[in-house]
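Engineer: Listed below, chain by chain, are the residues.
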Amino acid sequence: MEDYKYLFKVVLVGNAGVGKTCLVRKFTQGIFPPGQSATIGVDFMIKTVKVGEDKIKLQIWDTAGQERFRSITQSYYRSAHAIVLVYDVACQPSFDCLPEWLGEIEQYANRKVLKILVGNKVDKEDEREVPERIGKNFADANGFDYFLETSALDATNVDTLFQEVATRLTNDMKLTDERFHNFKSNENRDGNISILDRVLERAKCANCRT
Amino acid sequence: MKKSPSTNNVFDNEKEEAEVSSSEDIDDPEYLELCERGEIVDKYDKGPDSKDVDPWENPDFELYKVTDRYGFIHKNSPPTDAGKDAKERERKRDQKWYRMVLEWNKRFPVKLKERIWKGVPDKLRSDVWQRLLGSKELKLAAGTNTYRELLMRAKLISKDIKQIDLDINRTYRDNLAFRRRYDVKQRSLFNVLSAYAMYNTEVGYCQGMSQIAALFLLYMDEEEAFWCLHSLMVEKKFTMHGFFVPGFPKLHRFQDHYEKILQKYLPRLKKHFDKFGIPPIYLTKWWFGCFLDRVPFSLALRIWDIFIFQGDSILLAMSYNIMKMHQKTIRKFQMENFMEFIQNGIAQDFGYPSDKVMESLEDCLRRLQSDKMDQPPPPPAGAPSEVPTKPLGPVLSRSMINIEMDIAEIQSRCSRANSLAGTPSMTRHQHSKKSAARTPKMAHSLQSTIEHRLENIHGRNNEWHVNSKKSPSTELGYDKVLPNINNMHIVPSHSKKPHEFGENFNRQKDTTITDNHDESQAMFPRMQRPAEERRSNTLTKI
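Read top to bottom, the protein sequences are chains A and B.
When the letters of the first sequence are read in order and numbered with my numbering, they come out as residues 1 to 210.
When the letters of the second sequence are read in order and numbered with my numbering, they come out as residues 1 to 542.
Hints may contain errors.
Claimed, not checked - Facing chain B, according to a computed beta carbon distance under 10 Å, are these residues of chain A, among others:
1. S37
2. T39
3. I40
4. G41
5. D43
6. F44
7. W61
8. I72
9. Q74
10. S75
11. A155
12. T156
13. N182
Just so you know, the hints here were simulated from the structure itself, not pulled from any lab data.
Backbone N, C-alpha and C fix where the C-beta goes; we use that ideal spot for every residue, glycine too.
Working from the sequences, and respecting the hints, build out all of it.
Structural biologist: The structure is reproduced here in structure tokens:
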């Protein structure tokens, strides 16, 4: 089997034309294909990155941005470890739609999902309509874990973005693993594993409800 | 569609931003939309010499030397399955087809089906596809002016223009026909899609349609492409309407049936998919464009030939066929290799010659047909409709005058806001970068919107542009609501790029505005003078 420590699912969402596919292409293949045809439904791409000594595999789900495709893309939110919400810094309406996208994320994604806000196309500095601090403020005010401005065209922050996603998810996962192992060793001393399962189950349900 | 330009809640922490939006009343959504539409339409009308083309919008294909027979540009020689005698065979086939098409006028050719499986000659695709789609009949039935009338209205009020524009910028840009931004075929594509969105309002514009329309446009003119697109949407054997309409009812119905086909004919493969949790996400792209982009273009054309003859059962049969032909390879794949194979692998090189694929497809179809599996069960009662339920082209019942008046109303609303904003205190207001960037664009596009209205709709010359007394608006009796439109006309047409206006605009903030009479003033008369004074001032410039 392939050697990787963790596999994470990352879902990219955001208005049509903000550059989701280009970000993914730049990251996975190192190319910026102008005239990349619109994503219909959901596309899938993969890339392995390194976090410390660990190989981390990122499964990237690239979704169609047009509003009517949301009914299809929603079903991919639930299993996502991270959701990258992208807007175009040179397109105010794509920023104005963020509350709608947040609503979608709250409704369909896991509560503990890593939320990243990305302002793409910073190469278009002359046409910028959304100042960086406004993006940053929005991210802070709305519980995003991370905010970043990128350009798929000139590669600004593209690797950083996905590296950061991988690092944060890995750290979270290691923490969970540690807790799990501590817990498990305690449980083992008592010789009762089924309690562990039940507790974990309960914790999960509690998360779902809140 | 819900779109709120600049929602104030976004700017909760940004007092300054919020103040700008509310005090200027510039965020009138209808007005913004009007301007945006005008701006986009204007770019297509100006064509490829438009100065508004971003450098990246015209991709540099210097590295890509080889053009195939369909106009696609490749880095290396494209894969071809033409053998030694291919040219000679093709020539003979062309002759047979020419004879057959001539016969077709009298009676339906017996050999048509058999020959279509072997591929329609490229020279005859336009004719044969249109015959099979019955697009000319659809056009006659709807009235020959329908397309033109739709297009005129679409340019003024379509809500889908922004999305269409976005997608044209990324439809077949690797083909010579669509390579140059705003060039002939891009303009046709823009027209077909905008007009269609006004015709079939339940579908409007959905991503994926641009690929289909572009395919037709490689073979025919825009009006023909329009009616072919419509045929695909509504004719019973295709009803692509059900795929594109929000909710995608037909996609779900076909997907369920596809799973049954896999289960019945390729159970080991189905098990493999289930085991590795491979979802059929590839179907949307396959079916919305009938395999365009997901198999080599030359093969896609062969599939389209038979699709147009046979109808939507080809979508299921071809999906089954791909899985069947590649099942051994696919069973070695997990999720990621599988998706790479489906999204890129077979699109680059299908792995079998087209003739072989078509033979196998014919087998698959025959098999499905004999088991009555070539069509899914019909939609259950009460399910969302897969065919249009509303009348087509409702906008056609609105007169152009009516539409113009609505536009004038929106503009006058804004001009009122402008004169309010024209108080001295407002001129000294420190505008944010955002509004500075937007305002010139709007003025620019407003002007072009109005120009269209006059040139395209009234079909008159420009003589009245400088004479506000004889303007059509006065004749039509709604001069009162168009106080600043005449004013706008006088501004030199396309003398400056929007961003140049932006620079002027920014500079303007630092000067004594009332003394400034340069051209940028004409673009922003609202900043300092009442409407009447504004008009006299700009008129004297002419």
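Engineer: Does S37 of chain A pass the interface check with chain B, least Cβ-Cβ distance below 10 Å?
Structural biologist: holds, 5 Å
Engineer: Double-check I40 of chain A for me: the hint is only fine if its C-beta lies closer than 10 Å to a C-beta in chain B.
Structural biologist: holds, 4 Å
Engineer: Is the shortest C-beta separation between T156 of chain A and chain B less than 10 Å?
Structural biologist: violated, 15 Å
Engineer: Hey, does the W61 of chain A contact hint survive, CB to chain B under 10 Å?
Structural biologist: Hint holds; W61 of chain A Cβ to chain B Cβ min 8 Å, cut 10 Å.
Engineer: Checking hints one by one. Is G41 of chain A an interface residue toward chain B, by the C-beta closer than 10 Å rule?
Structural biologist: Holds - the Cβ of G41 of chain A comes within 10 Å of chain B, reaching about 3 Å at its closest.
Engineer: Given F44 of chain A was flagged as interface, is its beta-carbon under 10 Å from a beta-carbon of chain B?
Structural biologist: holds, 4 Å
Engineer: Min Cβ distance, Q74 of chain A to chain B: is it shorter than 10 Å?
Structural biologist: With a minimum Cβ separation of about 13 Å from chain B (threshold 10 Å), the hint on Q74 of chain A is violated.
Engineer: Does D43 of chain A hold up as a contact with chain B if the rule is Cβ-Cβ below 10 Å?
Structural biologist: holds, 6 Å
Engineer: Any CB of chain B closer than 10 Å to the CB of T39 of chain A?
Structural biologist: Where the cut-off is 10 Å and the nearest Cβ of chain B is about 8 Å from T39 of chain A, the hint holds.
Engineer: Does the closest beta carbon of chain B sit nearer than 10 Å to the beta carbon of N182 of chain A?
Structural biologist: violated, 30 Å
Engineer: Should the hint that A155 of chain A touches chain B count as held when the rule is a Cβ pair under 10 Å?
Structural biologist: Where the cut-off is 10 Å and the nearest Cβ of chain B is about 14 Å from A155 of chain A, the hint is violated.
Engineer: A closest beta-carbon separation below 10 Å is what the hint needs, so does I72 of chain A meet it against chain B?
Structural biologist: holds, 7 Å
Against the hints set out earlier in the document, violations occur for numbers 9, 11, 12, 13.
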